[in-house]
Amino acid sequence: MSSKTYYDPADLKKFGDISEWNEKLGTKFFDWYDEVFKDGALTAREKSLIALAVSHAIQCPYCIDAYTSDTLKKGCSEEEMMEAVHVAGAIRGGASLVHGVQMMNKAKKLSM
Amino acid sequence: MKSLHARKHDLASVDNQLKFLNNGIFENGKLDSFEKQLLKSGRWPLKPTELEIFQINLGYMCNQTCKHCHVDAGPDRKEIMTRDTMQLCLDVLRNTQVHTLDLTGGAPEMNPDFRWFVEEAVKTGVEEIIVRSNLTIILANPKYHDLPDFFKKHKIRVVSSLPYYKKSKTDRQRGDGVFDKSIRALTMLNELGYGKPETGLVLDLVYNPSGAFLPGDQLSLENDFKKSLLAEFEITFNHLFTITNLPISRFLEYLVASENYEDYMESLVMAFNPLTVDGLMCRNTISIDWKGFLYDCDFNQMLEIKVAAKGSEHISAWNIDALAKRNIMTNQHCFGCTAGAGSSCQGTTA
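Chains B and D supply the protein sequences, listed in that same order.
Quick note: the first sequence uses this note's numbering, first residue 34, plus one each step.
Quick note: the second sequence uses this note's numbering, first residue 207, plus one each step.
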């Protein structure tokens with residue numbers, strides 16, 4: 034490994050290469066992936082904003098890079114993009130805080 | 207901001223732009239050149255179809271200095287077409303099958319002979335006259351305030367740049383205050399019937415991405431623009447054309463300064479779509495510069511790549527047979543017109 038970091042932005046362009054070591058599954062994945070992002074009950078634009086939010090929730094640098102470009106390309110405004118990121122942040126923050134109920138339940142059970 | 211020309215910037219030189227376009231990622235064969243891509247898809251040499259459109263650049267003078275301008279236009283550019291050269295264009299127009307006259311610039315309205323030229327062009331019987339108006343020119347000076355009436359009188363199709371339906375992105379690309387003035391100008395045009403059903407007065411908008419990314423789906427963007435402009439400003443228009451920014455002139459300057467050049471160029475090459483080739487505007491259009499020289503398109507004009515028709519490179523030596531037999535001149539910037547759904551002055555081509 035010559036790379037000094039785990040993530041190299043240039044690797045994003047090589048995403049398709051994963052099919053080289055398992056063409057059948059790789060092809061199935063990319064066909065499904067392309068289908069998922071087409072206009073449907075949700076527009077491709079809405080799906081791109083969801084993908085941007087999820088990218089932040091799972092903190093995937095490749096996905097953040099890809100869906101920042103994609104939302105811009107689809108004509109999303111910077112306000113929409115940042116609101117999507119806040120949705121991801123709110124869910125992540127909420128996911129921690131809702132466990133506060135578990136903490137309270139346990140504390141109450143243990144306390145006089 | 208001043209033009210590259212006024213700043214004596216390295217990229218004001220066409221030779222330097224072409225060096226940039228042909229070196230780097232194309233130099234070591236990492237990526238196929240445009241010519242090689244056309245060869246691979248069986249489309250080289252690129253030949254013209256029947257000539258349908260005259261696109262005449264009336265000069266590089268403009269009241270705006272947009273960051274992405276492929277013309278390097280601005281208030282400091284003084285190159286404009288003379289009435290004598292316009293007359294040569296009219297003489298040819300009168301004797302061709304061309305159905306559309308497409309006037310561009312700079313701001314074509316700033317040419318002092320603009321109105322005379324349009325009036326004379328109407329007399330030739332050409333079916334359609336397009337003016338590529340930046341909108342703000344209408345409000346730039348009292349002498350331009352009646353331009354919408356002039357457009358209406360001659361049933362001119364108005365095609366105007368508006369890179370976004372909100373202020374921030376528009377002003378970042380086109381200059382402070384441009385969005386508000388554009389909205390006022392669009393309202394004036396709407397009030398005269400432009401962009402309204404059944405008036406026959408066509409108002410189209412042009413979308414250029416405000417950054418180093420390709421345009422999205424034309425129809426989806428048109429729907430977003432229509433919905434937003436109607437809801438916020440009660441503005442209506444006919445069509446939205448998405449145009450890819452080509453890596454030349456001031457957009458090239460931006461790409462290099464923002465360290466986006468290689469990635470952007472690579473994205474254009476990777477998005478090469480052979481289905482766009484049939485509809486490329488260079489095939490049915492001749493572009494004419496302020497001095498009367500002929501080019502395959504407005505982008506070749508800016509790179510000073512004249513038509514490959516020896517002895518017929520100027521409007522004064524018009525020879526339709528020689529032009530019909532020519533090979534269209536290409537270079538790496540052409541990848542901008544073949545990426546994704548394609549790009550032309552009339553929007554997508556695939």
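Hint data in this document are derived by calculation from the structure and do not stem from the laboratory.
Every value quoted in this text rests on a predicted model; they were computed, and no experiment measured them.
Among the clues, some could well be false.
As the list claims (entries may be wrong) - Each computed PhoX-like pair below joins lysine-lysine, with the alpha-carbon atoms no more than 25 Å apart:
1) B:Lys47 - D:Lys236
2) B:Lys106 - D:Lys273
3) B:Lys80 - D:Lys372
4) B:Lys47 - D:Lys246
5) D:Lys512 - B:Lys106
6) D:Lys402 - D:Lys387
7) D:Lys432 - D:Lys402
8) D:Lys236 - B:Lys37
9) D:Lys236 - B:Lys46
10) B:Lys80 - D:Lys433
11) D:Lys375 - B:Lys80
12) B:Lys106 - D:Lys497
13) B:Lys106 - D:Lys373
14) D:Lys242 - B:Lys46
15) B:Lys37 - B:Lys47
16) D:Lys242 - D:Lys497
17) D:Lys242 - B:Lys47
18) D:Lys246 - B:Lys46
19) D:Lys497 - B:Lys80
20) D:Lys516 - B:Lys71
21) D:Lys512 - D:Lys497
22) B:Lys106 - D:Lys531
Check your understanding: Between B:Lys106 and D:Lys497, does the CA-CA distance stay at or below 25 Å?
Key -> violated (37 Å)
Check your understanding: Would the pair B:Lys106 and D:Lys373 pass a check requiring their Cα atoms to be no farther apart than 25 Å?
Key -> Answer holds: B:Lys106 to D:Lys373 is near 18 Å, not above 25 Å.
Practice item. Measure nothing beyond the straight line between the CA atoms of B:Lys47 and D:Lys246; if it is 25 Å or shorter, mark the hint as holding. Key: holds (23 Å)
Review point. Between B:Lys106 and D:Lys273, is the straight-line Cα distance small enough, at 25 Å or below?
Key: Distance of about 18 Å is within 25 Å: holds.
Review point. Quick one, are B:Lys80 and D:Lys372 close enough, alpha carbons at most 25 Å?
Key: Status holds; Cα separation ~22 Å.
Check your understanding: Keeping to a limit of 25 Å between CA atoms, is the pair of D:Lys242 and B:Lys46 held or broken?
Key -> holds (22 Å)
Review point. Hey, D:Lys512 versus D:Lys497, does the alpha-carbon distance stay inside 25 Å?
Key: holds (12 Å)
Exercise for review: Would you mind confirming whether the straight-line C-alpha gap from D:Lys375 to B:Lys80 stays at or under 25 Å?
Suggested key: holds (22 Å)
Check your understanding: Has the given pair, D:Lys497 with B:Lys80, been kept, meaning a C-alpha gap of at most 25 Å?
Key -> violated (49 Å)
Practice item. Would you check the hint for D:Lys402 and D:Lys387, treating anything up to 25 Å between C-alpha atoms as holding? Key: This hinted pair holds, its Cα atoms lying about 20 Å apart.
**Study point:** Agreement of D:Lys236 and B:Lys37 with the hint, judged by alpha carbon distance not exceeding 25 Å
**Key:** holds (24 Å)
Check your understanding: Do the alpha carbons of D:Lys242 and B:Lys47 lie within 25 Å of each other, as the hint requires?
Key -> Holds: D:Lys242 and B:Lys47 sit about 23 Å apart, inside 25 Å.
When held up to the earlier numbered hints, the structure conflicts with 5, 12, 16, 19, 20 and 22 and fits the remainder.
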